[in-house]
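2 protein chains.
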Amino acid sequence: MAAFQAPSMISSSSSAFLAHNSFSLSSSKLCLPRSRPCVLKCASAPTTETAHKTNVSRNTNMAKLQAGYLFPEIARRRSAHMLKYPDAKVISLGIGDTTEPIPDVITSAMSKRSHALSTIDGYSGYGAEQGEKQLRAAITSTYYGDLGIEETDVFVSDGAKCDISRLQMLFGSNVKMAVQDPSYPAYVDSSVIIGQTGQYQKEIEKFGDIEYMRCTPENGFFPDLSTTSKADIIFFCSPNNPTGAVASRDQLTQLVQFARDNGSIIVYDSAYGMYISDDSPRSIFEIPGAKEVAIEVSSFSKYAGFTGVRLGWTVVPKELLFSDGFPVAKDFNRIVCTCFNGASNIAQAGGLACLSPDGLKAMNDVINFYKENTALIVDTFTMLGFNVYGGKNAPYVWVHFPGRSSWDVFAEILEKTHLVTTPGSGFGPGGEGFIRVSSFGHRENVLEACRRLKQFYK
Amino acid sequence: MAAFQAPSMISSSSSAFLAHNSFSLSSSKLCLPRSRPCVLKCASAPTTETAHKTNVSRNTNMAKLQAGYLFPEIARRRSAHMLKYPDAKVISLGIGDTTEPIPDVITSAMSKRSHALSTIDGYSGYGAEQGEKQLRAAITSTYYGDLGIEETDVFVSDGAKCDISRLQMLFGSNVKMAVQDPSYPAYVDSSVIIGQTGQYQKEIEKFGDIEYMRCTPENGFFPDLSTTSKADIIFFCSPNNPTGAVASRDQLTQLVQFARDNGSIIVYDSAYGMYISDDSPRSIFEIPGAKEVAIEVSSFSKYAGFTGVRLGWTVVPKELLFSDGFPVAKDFNRIVCTCFNGASNIAQAGGLACLSPDGLKAMNDVINFYKENTALIVDTFTMLGFNVYGGKNAPYVWVHFPGRSSWDVFAEILEKTHLVTTPGSGFGPGGEGFIRVSSFGHRENVLEACRRLKQFYK
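First to last, the protein sequences are chains A and B.
Per my numbering, the first sequence starts with residue 33, numbered consecutively.
Per my numbering, the second sequence starts with residue 33, numbered consecutively.
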């Protein structure tokens, strides 16, 4: 059990709320008490040993979770670094947060919708939980035009991360999931929360009852399916976060066949699909037979800088059936109606503008800008002699530091160059020895970051 | 298991996706097949008996849910009515959807924030999952100024409904909940989804392992706590949706003491707090000792017309502890960080404007407008000789039709007056014999609705 922090520290930043068991440096600095009695003393009021406790047991699944969610932990480390070096210009190539302004064609639409909400004719209250019809139609025609996906298969969300949790609620605790290792931490953490997993096994850094599909340079970051155990739900992200690898058509065909053979459901995360430069599939539904075995989650976050605006979507084809023949989409619809109330109507107006001809061009311009950043970062690490992966079809560069701890490399780079990266091991044990470098950043910052890296690692 | 609908019907409206087992009228009309083979035939493709089914079992908790979520079902009924009477002017006093434009002081702030996102200085990506610091501070000072709630106890959400599900994920499946009967259906349905309940018991219209706290005219819509079984989590809404009743300070003091005695956690829904005209508490935290036993969920939806904009908040005091002393807020923070990514930054700019002096005045003006509507509706039903409850401190009027089925009354009013209401039994068995009439509507519509009711029930 992680120790409770003093309230004054909790208020200092969002991420300071989260303790990370393994960092004694930060915990001593932040005055984190570790013993049970002190937990009570640190609560603001009442401060006595007789503070009322409820009789409600803590959810044992929550107690299984390890440390803080990765990205708040990085934010906390960054804040601590800035306290230590108040004059340093810290540059973040860390959490994958977009930095470039949203094109005006998109924000104008959101601004217009905002103003319209002050008029009798333009006001709208509750929208359809599944999203506005026009936006669902535009997503369908833009991304799934000739793939047999229908408008009613598309559910608009407030982001892929949020829908991943809603999908876990849909599946419940009696399924077994498989996940690429390394992978985006929300897959595993949401699986733990919903009760699909066993305890965390510290020695192997894995949760019980999850199938970790190792993705390494040796297998081209595509798992060896011949040695992969059967799972009910297979989370698969391509272009991959964090490795930046993209799965080829042939590989995805194997994956779909694997799912068909095992009766599995693939949850395919295509949040970076528009970063693909070659002819790799941008959607799992490009693979024949995928509609009967796959769900796809996606997002405007990394296409249009909507990380803060919050808009995404999930495709659940009506052909996807549980073992008893019941359509998965029908249960997902129920989840969306019961646990969600639709994405913000203003964000949806922005999404619709994204998919206009001008919006698509503007999104592509921003994506190309980030891809130029990626090339600069890839060139830098390559020049320095590192083995560098990803970067071609994704905004992430995956750099190998063989034999070293990711957190040590993260700390070294932060300490010596004031650059924030992401430790690969934060994405699972398969990420150990790597760091993820994000290419979201203003050009001058990326250039400066490359200069500092060249200086330090020369 | 509910039958699957033909895809063509699914696309016709968001709510048409949901079948309602008990409505043979609508199901015959909408061509809902009921037998298993037909389920497969109705899927769009492939249409053969050999369609691929996954081996993933449907979540048994999802299968426990009854019929559709209430409000989409009402929308479906309304759509069917409009097909039948294409020339009728249907007026909705049904789903509690706000109708009046959002005051300009609020939409201007959202518009400004939208535009700012197109500038280097004004752009922001991921915000704190817990919400922007300024907004958390404004919510704290506006609604909890002298109640000892701190800014860090406040978590900004995309609406109360969404946070109710996140709270259920936090609690997990091993708790027992209590709920007012009648109550807002999301409490019970989210409890079923997360696995806290037994099967639905058709004869008593209740789920197993939920404590239904009957609220009737006889007990002043406050449950008899002396006969209420102990529960871990007590959902309590005041001013109440649907009955419109508000709990007095004395009643809430009893409730807090009941929770303290039993070690329970109260989830207090104060989404209608600003509608209170008398000196009833607007927050559970006005009751001494509540911080150690209560969570409060609230929303801008009914204050500022944000039903489509999506913004709310939840207060989890750091004094609230699980039985092992672990702070509930710490687990909730983890849920928010893992399963959510913060409310839309544009909506948050609107929320901040709501809490400015001009915004507060504007919100109060809109609330007073709806309260005038409420008075018109109360007067109408009272004049017609009905027993009418609620309405004074809430935008809902709860009208008694003793001995009649709520759905029959709903259908009668819709058929004869083209008015959409909400059947009381949709909120639980305790709502049988009542209808809920919402006062959200343009004035001329409310006046017209009152005229039609007077005409029909004279």
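Misleading hints may appear alongside valid ones.
If chains are identical, the list can't say which one is meant, so a pair holds when it fits in one copy or spans any two.
The calculated PhoX-like cross-link candidates involving lysine-lysine, where the alpha carbons are at most 25 Å apart (straight line), are [as the list claims (entries may be wrong)]: (1) 262 <-> 85; (2) 165 <-> 116; (3) 121 <-> 403; (4) 121 <-> 208; (5) 424 <-> 116; (6) 490 <-> 424; (7) 424 <-> 208.
Please keep in mind that the hints were generated in silico from the structure rather than gathered at the bench.
So, going through the hints one by one against the coordinates:
1. 262 <-> 85: For residue 262 and residue 85, only the inter-copy Cα distance (16 Å) is at most 25 Å; the intra-copy one is 43 Å.
2. 165 <-> 116: between (51 Å within a copy, 23 Å between copies)
3. 121 <-> 403: Answer is within: at 24 Å inside a copy they meet the 25 Å cutoff, but 54 Å across does not.
4. 121 <-> 208: So residue 121 and residue 208 fail the 25 Å test inside a copy (45 Å) and across (51 Å) alike.
5. 424 <-> 116: Neither: 36 Å inside a chain and 57 Å across chains, both beyond 25 Å.
6. 490 <-> 424: Result: close within a single copy only, 24 Å intra versus 74 Å inter.
7. 424 <-> 208: neither (32 Å within a copy, 51 Å between copies)
Violated hints for the displayed structure, listed by number in ascending order: 4, 5 and 7.
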